[in-house]
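Two chains, two separate frames, one set of hints: put the complex together.
Chains as they are written, first to last, in this note's numbering: chain S, 1 to 380; chain Z, 1 to 277.
Everything labelled a hint here was simulated from the structure, so no lab data went into it. Bear in mind the structure is a predicted one, so any value in this text is a computation, not a measurement. For glycine and all other residues, C-beta sits at the position ideal for the given N, C-alpha and C. Be a bit skeptical, because a hint or two may be false.
[What the hints assert, rightly or not] Which chain S residues face chain Z? A few, computed with CB under 10 Å, are given here:
#1 70
#2 74
#3 79
#4 88
#5 100
[What the hints assert, rightly or not] The following label-pair restraints were derived from C-beta to C-beta distances:
#6 Z:110 with S:70: 32 to 40 Å
#7 S:70 with Z:104: 27 to 35 Å
#8 S:108 with Z:187: 21 to 29 Å
#9 S:108 with Z:136: 57 to 65 Å
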Amino acid sequence: MAEIVLEGIAKRFADGTQALQPTDLRIRDGEFFVLVGPSGCGKSTLLKIIVGLERPSAGEVRVAGEVVTGKDPKDRNMAMVFQSYAIYPHMTVRENMAFPLKLARLPATEIAARVEEAAAILELTELLGRRPAALSGGQRQRVAMGRAIVRQPAAFLLDEPLSNLDAKLRVQMRTELGRLQRRLGTTTVYVTHDQTEALTLGERIAVLRRGAIQQVGTPRDLYQDPANLFVAGFIGAPAMNLLPATLAGDRLRLPMLELALPGGPRGGSGACEVIAGIRPEHFRVASTVGEGARFRAQVELVEWLGADLFVHFDVAAPHGARLGALAEELGLPGEHDRRRLVARLGSDCRVREGEALALGIDAAAVQLFDPDSGGRIELG
Amino acid sequence: MNERGILERLFWRVGALLVIGYALLPVAWILALSLKPAAALGDGRFLPRAPSLEHYRAIFADAQFPAALLNSLGIAALATLASVLLGMLAAYAIVRLRFRGRSLVLGAALAIAMFPPVAVIGPLFELWRGIGLYDTWPGLILPYMTFTLPLAIWTLAAYFREIPWDLDQAARVDGATPLQAFRYVIAPLAAPGVFTAAILVFIFAWNDFLFAAALTSTNAARTVPAAIAFFTGSSRFELPTGSIAAASVVVTVPVTLLVLVFQRRIVAGLTAGAVKG
Ligand SMILES: Nc1ncnc2c1ncn2[C@@H]1O[C@H](COP(=O)(O)OP(=O)(O)OP(=O)(O)O)[C@@H](O)[C@H]1O
Ligand SMILES: [Mg+2]
Chain S
1 MAEIVLEGIA KRFADGTQAL QPTDLRIRDG EFFVLVGPSG CGKSTLLKII VGLERPSAGE
61 VRVAGEVVTG KDPKDRNMAM VFQSYAIYPH MTVRENMAFP LKLARLPATE IAARVEEAAA
121 ILELTELLGR RPAALSGGQR QRVAMGRAIV RQPAAFLLDE PLSNLDAKLR VQMRTELGRL
181 QRRLGTTTVY VTHDQTEALT LGERIAVLRR GAIQQVGTPR DLYQDPANLF VAGFIGAPAM
241 NLLPATLAGD RLRLPMLELA LPGGPRGGSG ACEVIAGIRP EHFRVASTVG EGARFRAQVE
301 LVEWLGADLF VHFDVAAPHG ARLGALAEEL GLPGEHDRRR LVARLGSDCR VREGEALALG
361 IDAAAVQLFD PDSGGRIELG
Chain Z
1 MNERGILERL FWRVGALLVI GYALLPVAWI LALSLKPAAA LGDGRFLPRA PSLEHYRAIF
61 ADAQFPAALL NSLGIAALAT LASVLLGMLA AYAIVRLRFR GRSLVLGAAL AIAMFPPVAV
121 IGPLFELWRG IGLYDTWPGL ILPYMTFTLP LAIWTLAAYF REIPWDLDQA ARVDGATPLQ
181 AFRYVIAPLA APGVFTAAIL VFIFAWNDFL FAAALTSTNA ARTVPAAIAF FTGSSRFELP
241 TGSIAAASVV VTVPVTLLVL VFQRRIVAGL TAGAVKG
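The following block holds chain Z by itself, in its conformation from the complex (with noise of 0.2 Å):
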């Protein structure tokens, strides 16, 4: 290898180096901080000296945390599948239907997405107390799913129209009703794209603070970023930082592990060989 490419590979491999060290410093001083004892949280040090688990134990003896992390899931997956449906099918005839208004339909989901959602905290917290949503899943379930579908809408929409028409045409023909050739050809072509839409829904209202922040108040629904806010120390004179850096760490587990499971799967070019290309 001539002196050029040595060169090259070392400003890369740096390179790479120094943004995934940028990057993942935080995660690394708030996995440090989770396993220190209290006593030695203000100690200064990065590495902790005696590492323990003493918060993680912590917080799962209290009733709040286990109960937040179950509506996290809970919450979070529920939105991201009715999203997700509700987003395929929508896509899918924005797509392949020519209806009037079709893009007026697009317009408006991407009008939603830019809608601010601190905009519309305050109506939907009179509102939701008004018709018995306020503290409950599906009060959470809504919000979020409405501002996850315009993103869903067009993961989904962008995928479908890389799909040759076809495709369904032919599904047809081989005695598909339309619902078993979207079943059966369209979906599963359309894969990565659900599995991308389905990630970022579920990031979003599994980091969401806002919502959950104003529209929760107990155990029933309040989820894990709600309840971290609401962490108290063991004395009235401490802060439970120990605690909140290990519940931090427990929160990242689920959406690390879905990432790299789905990971495998949002592979490009699921369609080659469709066509002729």
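This is chain S alone, in the form it adopts within the complex (with noise of 0.2 Å):
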């Protein structure tokens, strides 16, 4: 068990790829960090260094107050789980889990006591004396935690475990695997590229992009208060819907419609572009708002999910070169002149595709961000 710091990491491939900018990150004790971001922005190169198997270009990782950056990853008594699993396959089960515990010369009765006891955990009992190749997808899994678990280790470092399971398992591990790490309290830093792994399973989440920390925070400040406009694009599904807007005092003009936001007329007398971000959550259909403003919404799709209710729908935006670029990055819908909009309403609206619908804003939930930094503007 152990504090985990990084100080100006940073990793340059010998191919000039720069995979990590200069972080600086503090994984508490026990903690359970999730690092996330899109693909190819770094998450596995940061796991591979506080493990040891990359160097870093520059910086410093410390473990338990021990400056680790040049020991061997043999040495740092840490336990990771691969992506791919990487389990033994001309091992049984119990010689996968017996291996670290066999290369740290443990005795024999002590590395018997100790695989029994993690299979227990695991419910792998049964399954000790088989063979990798006979083994289903989410047993494999486990016994890569199991391995990981056997050697009571300062850390566990996850790189996207459940990413190769099915659906349906994958939220049973998931919901597995933080009830595991609470029972045993070791820090665990949990590298996924979903958002929704990150949200339900992290205590605080670092959300990585092109190698840079976007944000740390725990999943509610993420969601509530991203600090730009990639984090409020990349954290919440269906994700956070954003347009272009102009902001002149205390009025936000949206392209289909304009709102008074709370808390009065803000510094710059003139009126500025921004990007508007709102989450699906802050639609609500016309009626139940009362006074407020109101557009009409031509609804082009509609997902009942029995609780909830996704009505999506197309607003007539162009957007400006930055909102292009992220939307792209992160997958949003929308063509170049129009914006896709999702909101989220009760499941009692009856709406049906091809109708109109009257909707309003909760205008004290509006974010806005700065369209050429992509940095946060705070209101109020």
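This is the structure we're talking about:
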């Protein structure tokens, strides 16, 4: 168990790829810390630097106060679960789990006891004699976890451990993983590109983009107070609706309507371009808002999920260069002169595709971003 | 079963029999010859009328053949060991490390394999005489190693490439030194490749006549293929056909055994289950 501190860690590969910008990160003792970001943003690289499989080009890694930057992975007492599981195919489940203990030269009785214990925790007892080839995907995943927990390591490093499982198993294993970590209380760094996984598992989350950390915070922080456009667009499913808008005093002019922002006019007197972010749940069917501004949405698609109803509609709005690039990076829907928005409404709303619907917006919940820097503009 | 199925099976059976017959006929002929008494060698029959082991007794009675057999076994085994061991390390480095000139090494290895051995025999003969390797075991092991190493490297590199890199890294994180990761994880997984390479190298060394004939002169290092060529009949008017046949049968046995024993080990798909596939 240990606190992991990264100071000024950067990584540049021999071929010139700058996989990580200088990064500072403090992962607390016993914390479930999640690194999330799109594919290729440097998550695995960061994890491999922590575990020692890659050397950082600059900076320092400290575990429990001790500098380990130059230490060999075998001496770091960390356990890693690979995306591919990387369990040894020529060994049985028992041998797989015993392997790190054998290397550590533990006495045979101790090894047997620890393997039995870990197997019991992970419900692998019946499978101990099997080879990996005769296991299902979920079982292999558990073997990989088992090999990690038998060692009682200083930290667990998990690199997308669930991404090879089918959707149902993924949800189940996610819950089990969270429970296991709380039970063991071991510092855990969990890498994923799936923001749902990040939000459900992480005590704290770091959002990574192109090798640079965008924001570190609790799931609630990231969702409610995204530091910039990227985090706003990345966290949350369906994604936050992003629209070009004009801010003049306390009036926010959106493509489909004008809103009065609470808290009175802001400093600058002139109108300025901003990007407005509205979460799907901050739309209301207009009659329930009462007096507030409303607009008519032409419903393109309705998704009914029992408790929620997601209504998709288009808004004519040319997006600037920045929004376009971001939409492309995050795979957000919409064409160059139309934005596809999503509203989450109560399932009692009986709207159908092709119909028009009057919607209002919860003005207090609208978030504004600088179109040039992408940074958050604080309101009030 | 329908008519077409029967015909198809018949076709494959007959075809297989033809091929096997074609391949084994010379072997059967040699075996038959080796069992014929000296007087009956030219009788024009395929099967010996009265099988006798006299040629076998004769070749083992002479000191030359048992010595050659020992030389062959020792030299081939040592050359195989050295070549496969070096080949494993080289192939692993080539597959796993990114060093300058990686493809150059592979290319150079291939070029050596293409190089005609005949071209080096003359210089090698002079050189070996000069440095005292002529007619010694190392004098044959070295060229065998050199000419089979590329084969071993290429075969093994192909196998190593199939082993996910994550497995090395997992072993390193689990507390293994690079050498331990290689020994406990990578080498066992590459076992089919190791056996394949070993058999190929062994057969090359075992069958070689060229180097053996040119670089040896006495029982100290002369191997079986060369020794057979120096067989003499019991009188100067008699061809040693029977002895040659018997010796040929004897040298075939170890190679056949080797292949049969290790064939079971050369099973593909040993890495199944390492990663989700
Ligand atoms: N050995 C290497 N040599 C050169 N570039 C590399 C190397 N390993 C990774 N990279 C590059 O570094 C960047 C970050 O890679 P990394 O594997 O950390 O991404 P990731 O966030 O884990 O992505 P994914 O979600 O797809 O696993 C990528 O652009 C990748 O191409
Ligand atoms: Mg990765």
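Check your understanding: Hey, does the residue 74 of chain S contact hint survive, CB to chain Z under 10 Å?
Key -> holds, 5 Å
Exercise for review: Would you settle whether the hint for residue 88 of chain S is holds or violated, based on the nearest Cβ-Cβ distance to chain Z being less than 10 Å?
Suggested key: Since the shortest Cβ distance to chain Z is 6 Å, the answer is holds.
Review point. Cβ-Cβ distance between residue 108 of chain S and residue 136 of chain Z: within 57 to 65 Å?
Key: violated, 47 Å
Exercise for review: With a cut-off of 10 Å on the beta carbons, see whether residue 100 of chain S makes it to chain Z.
Suggested key: Constraint on residue 100 of chain S satisfied, holds at 4 Å.
Check your understanding: Taking the beta carbons of residue 110 of chain Z and residue 70 of chain S, is their distance inside 32 to 40 Å?
Key -> Since the Cβ atoms of residue 110 of chain Z and residue 70 of chain S sit about 38 Å apart, the hinted range of 32 to 40 Å holds.
Practice item. Just tell me: holds or violated, for the beta carbon distance of residue 108 of chain S and residue 187 of chain Z against 21 to 29 Å? Key: Given range 21 to 29 Å: holds, Cβ gap about 23 Å.
Exercise for review: Please verify that hint: residue 70 of chain S, Cβ, nearest Cβ of chain Z, below 10 Å or not.
Suggested key: Given a least distance of 15 Å, the restraint on residue 70 of chain S is violated.
**Study point:** Status of the given 27 to 35 Å range, CB of residue 104 of chain Z versus CB of residue 70 of chain S
**Key:** The hinted range 27 to 35 Å holds for residue 70 of chain S and residue 104 of chain Z, with Cβ atoms some 31 Å apart.
Review point. Holds or violated: is there a CB of chain Z closer than 10 Å to the CB of residue 79 of chain S?
Key: holds, 7 Å
Checked against the numbered hints given earlier, this structure breaks hints 1 and 9; the rest are met.
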